[in-house]
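A.B. asks: What follows is the residue order along each chain.
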Amino acid sequence: MNNRRVVVTGLGVVSPNGTNVSLFKEALRKGVSGIRYIDELKSLNFSCQIAGKPEYKKEYLNNYFNSIQLKGLNASGLEYGVIAGLDAWRNAGLELIDKKDNPLWDAGVIFGTGILGVDKFREAIYKVDDGNVRRLGSTSVIQTMASGISAYLGGIIGCGNITTTNSSACSTGTEAILMAYDRITQGKAEIILTGSTSDSGPYIWGGFDAMRILPHKYNDNPTVASRPMSATASGFVPGSGAGALVIESLENAQKRGATIYAEILGGHVNSGGQRNGGSMTAPNSAAVKQCIKQAVINSGINNNDIDTINGHLTATTKDVVEIENWCSALARNGKEFPYINSLKGLVGHCLAASGSIESVATVLQLKEGFIFGNKNCEDLHPEIEAMIDKERVPTKTILKPINIAVKASFGFGDVNACIIFKKYS
Amino acid sequence: MTKEELLSKLKTIIEPYVQNQEGLKQISEATNFIDDLEINSANLVDIILDVEDEFGIEIDNDGMDKMLTVKASIEVIQDKLATK
Numbered sequence: 001m002n003n004r005r006v007v008v009t010g011l012g013v014v015s016p017n018g019t020n021v022s023l024f025k026e027a028l029r030k031g032v033s034g035i036r037y038i039d040e041l042k043s044l045n046f047s048c049q050i051a052g053k054p055e056y057k058k059e060y061l062n063n064y065f066n067s068i069q070l071k072g073l074n075a076s077g078l079e080y081g082v083i084a085g086l087d088a089w090r091n092a093g094l095e096l097i098d099k100k101d102n103p104l105w106d107a108g109v110i111f112g113t114g115i116l117g118v119d120k121f122r123e124a125i126y127k128v129d130d131g132n133v134r135r136l137g138s139t140s141v142i143q144t145m146a147s148g149i150s151a152y153l154g155g156i157i158g159c160g161n162i163t164t165t166n167s168s169a170c171s172t173g174t175e176a177i178l179m180a181y182d183r184i185t186q187g188k189a190e191i192i193l194t195g196s197t198s199d200s201g202p203y204i205w206g207g208f209d210a211m212r213i214l215p216h217k218y219n220d221n222p223t224v225a226s227r228p229m230s231a232t233a234s235g236f237v238p239g240s241g242a243g244a245l246v247i248e249s250l251e252n253a254q255k256r257g258a259t260i261y262a263e264i265l266g267g268h269v270n271s272g273g274q275r276n277g278g279s280m281t282a283p284n285s286a287a288v289k290q291c292i293k294q295a296v297i298n299s300g301i302n303n304n305d306i307d308t309i310n311g312h313l314t315a316t317t318k319d320v321v322e323i324e325n326w327c328s329a330l331a332r333n334g335k336e337f338p339y340i341n342s343l344k345g346l347v348g349h350c351l352a353a354s355g356s357i358e359s360v361a362t363v364l365q366l367k368e369g370f371i372f373g374n375k376n377c378e379d380l381h382p383e384i385e386a387m388i389d390k391e392r393v394p395t396k397t398i399l400k401p402i403n404i405a406v407k408a409s410f411g412f413g414d415v416n417a418c419i420i421f422k423k424y425s
Numbered sequence: 001m002t003k004e005e006l007l008s009k010l011k012t013i014i015e016p017y018v019q020n021q022e023g024l025k026q027i028s029e030a031t032n033f034i035d036d037l038e039i040n041s042a043n044l045v046d047i048i049l050d051v052e053d054e055f056g057i058e059i060d061n062d063g064m065d066k067m068l069t070v071k072a073s074i075e076v077i078q079d080k081l082a083t084k
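Quick note, the sequences are listed as chains A and B, same order. For the record, in the first sequence the residue sitting at position 253 is 253 according to full-length UniProt numbering, with numbers rising by one throughout. For the record, in the second sequence the residue sitting at position 42 is 42 according to full-length UniProt numbering, with numbers rising by one throughout.
The reader is advised that the hints may include incorrect statements.
Claimed, not checked - Straight line, CA to CA, 20 Å or less: simulated PhoX-like cross-link-like pairs of lysine-lysine:
hint : chain 1 : residue 1 : chain 2 : residue 2
1    : A       : K335      : A       : K400
2    : B       : K9        : A       : K71
3    : B       : K11       : A       : K71
As the list claims (entries may be wrong) - Coverage of chain A stretches by chain B, computed from C-beta distances (three or more under 8 Å per stretch; other residues unrestricted):
hint : segment
4    : 63-71
5    : 128-139
Just so you know, these hints were derived from the structure itself, not from any lab. Here the structure is a predicted model, which means the values were calculated and not measured. Ideal Cβ positions, reconstructed from N, Cα and C, are used throughout, including at glycine.
Only chain B is shown next, with the shape it has when bound in the complex (with noise of 0.2 Å):
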């Protein structure tokens, strides 16, 4: 799965908890999901859920500790579809 595909999946998962909209239009792998998209930190835990089920991993509390920033995101989900 290329970066952009990833990108674009994450983007799915990520736009119901999104609330500054503007955040979301101009996304990038330097987007912060509290700071630029708003999104309630307690959310961020059902991200991590929703992404679980997207791609059939599981993600281990080191990695949804570092689930902050789409970069941090992609990364983590590389990793863990590299080991599937």
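Pulled out of the complex, with its shape left as it was, chain A reads as follows (with noise of 0.2 Å):
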């Protein structure tokens, strides 16, 4: 365990099913989905035709972006993860220095994207190819660079140290807050806006349709679609959106005097290498056990001081593989294992957003003491059932303290992240 102690003091998050935390922590208490239908993606002959899109209406954007930032604005990850970002940044009760002012030498921005401003560069593409280039004009490159959003963010707080973007496909979130921990941890820096940001829209999700991977017979009936850990599952829902959390080391926090929404204890990224039934799109079970076992270690903890398990659950057969993983890293099953939930079935996957939107989720847990309900679980999985005791699958929301969450994602690549969160005292 480090000596240096490290807590979470800001959130933020634009989340399909609310745009700011008080909104989405209501929203995950009651259970409130956030995947609707989209025209869009009947007219373009899609498959699965919804999707979980945050909503609000563009003046909302003047809150976060100047006159010039917002002329020909048109990156949807951008918008998300920079209302995220600042959001999370006054929620720590931090202010945006002036112009003139030197950087923050002692505050960075980690802050992960798969791709960003595919809308943008579809505008560009289509300039290019006409011969047009010279139309483009200084955005082109800024709203498509994966690090754009780690770049804006930086700008507009004013940050001194690291400003970068990680990218590591479905745990891009959760490997974010990690880099940071770890930056902090290691004196590095003293405060670090982290999280995630991911695009909407049919050139994000079109490569999942045409994989089958994505559930395409609830069109009619969107909010039931999204079904982690349930016996009909048929597919992720594709998600989209931003988390953000300012983390800090403890003593900078107990100097600004700042509001602790919980401690980072320590977690672990791997990867499976692709090896051992690891593929590009597969998991390998042993890299996802270790990684959770490693994660536990690094933390000082013992596998039965975990509560609660948020998990990465995508709602695809591969649930029942990713709870055995769980059953096995933890020595835990039956009514011994921790309770565990999956925000999917209410947001579908927000890719490489998830892991932070769903991190800023656990947090608020600790925070408030609730554990959020599984939404579309009623038929949990008969081979999950038979290793974990269905109560531990919450269909409703349960209020209780709640000590130590764990937070895991998985990503295509083979790719794992495991953080442990631990109520502040």
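Two chains, each in its own frame: build the complex with the hints.
C.D. replies: Structure follows, in structure tokens:
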């Protein structure tokens, strides 16, 4: 365990079921779904015509972007990330420094994404193919470079420490938090705005539709389509959005008198090397188990200390394997298994943003003392029920103080990330 | 189009990019976009595209290179309008 303690002091979120932290928290508690029918997907002949997409009025962006930044803005992931990031920064009680001040040498940004600004990129491709490259303007590059999101946030805030974007598919958000955690424990930064974002729209979701891993029988009934751990799970519903966390050294948080949401005890990231059952698209179970076990060891806790798990659990047949891996890694099953839930039943799979949005949910559970209910899981998969007690997979929100929560994410490329959060005391 | 009308249109185009509002109040032919208005140099290409749209002209590379001040910009625009 590291000597230097690291805490979460700010949260921000732009989720399909809530575009700020208080709306999101209410949606979690009440089980409000953010999955809806998207007409554009139907007209483009998608099999899956539903998705999780944050909704807000265009004018809302005026609170986050200046007039120059808004001109030609056509990158949904950049919008979500900047909104969530600035909300988290303000939520942590931090202000934006003046343009003429020195940068904040001890403050950084590590904010991940899979791909940024696909709509902007499409716009650019059409112009280039038309022989009209001169009409691209100055915004094509900054809205489509992956690090556009960390560059925007770093510039608005005035960060003088690391300002970067990580990318590791669906484990991106969870990995970003751990990268920030590591840098703070090493004493290289005091405070880091971390999280991840994912664009919305057909150009992001199309590839998954083509892989036939999305549900196609729920276009008329979107809110019941995403069914993690259910016997009738039939694929993940694509989502989008952003989650953001301000994390900092405990000393720095105490010095500022900041509100502390939770402590990060530690975690681990690894890869299955696409060996031994692992592939580009499927996890090597040995690596998943090793990642969880190592996260527990790095955090200096025992398996039995874990109260609740927020799984990756995307609503495919792989959910059964994930539960098997948790049981094995933690040596717990039946009634002794921790509570477990998946946010994807409510918002779908927010891809690169999933790890950060789900971490925000996990931290809220610790701070407020609840475990949100699993949506669409009344028919728990029999193979899961054979491993863990049905009562450990709540379908309704439970109000209950919790002390230690685990968040794990697994991504394409056979990559894993697992974080251990603890209620701050 | 008179020079005054042209200046007024140009002022509307550059306004969103200006970071020194004092400079904008005192705008004159001698005003330099970067030095006096603190316009980010990357945004100069956006101003040129906006000018093209507003006046229905196309500005070539040489014209673009010149458009660093109000005076030079007006000259380039007038020149293009005359050959339209």
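A.B. asks: So, for every hint listed, does it hold in this structure?
C.D. replies: Outcome of the hint check:
Among the hinted pairs, K335(A) with K400(A) is consistent with the structure: their alpha-carbon atoms are about 17 Å apart, no more than 20 Å. For a cut-off of 20 Å, the pair hint linking K9(B) to K71(A) stands: about 18 Å separates their Cα positions. Annotation: proposed proximity of K11(B) to K71(A) holds, straight-line Cα distance about 17 Å (limit 20 Å). By the rule of at least three residues with a Cβ nearer than 8 Å to a Cβ of chain B, the coverage given for the segment 63-71 of chain A holds, with 3 such residues.
Against chain B, the segment 128-139 of chain A contributes 4 residues with a C-beta closer than 8 Å to a partner C-beta. That satisfies the three-residue criterion, and the hint holds.
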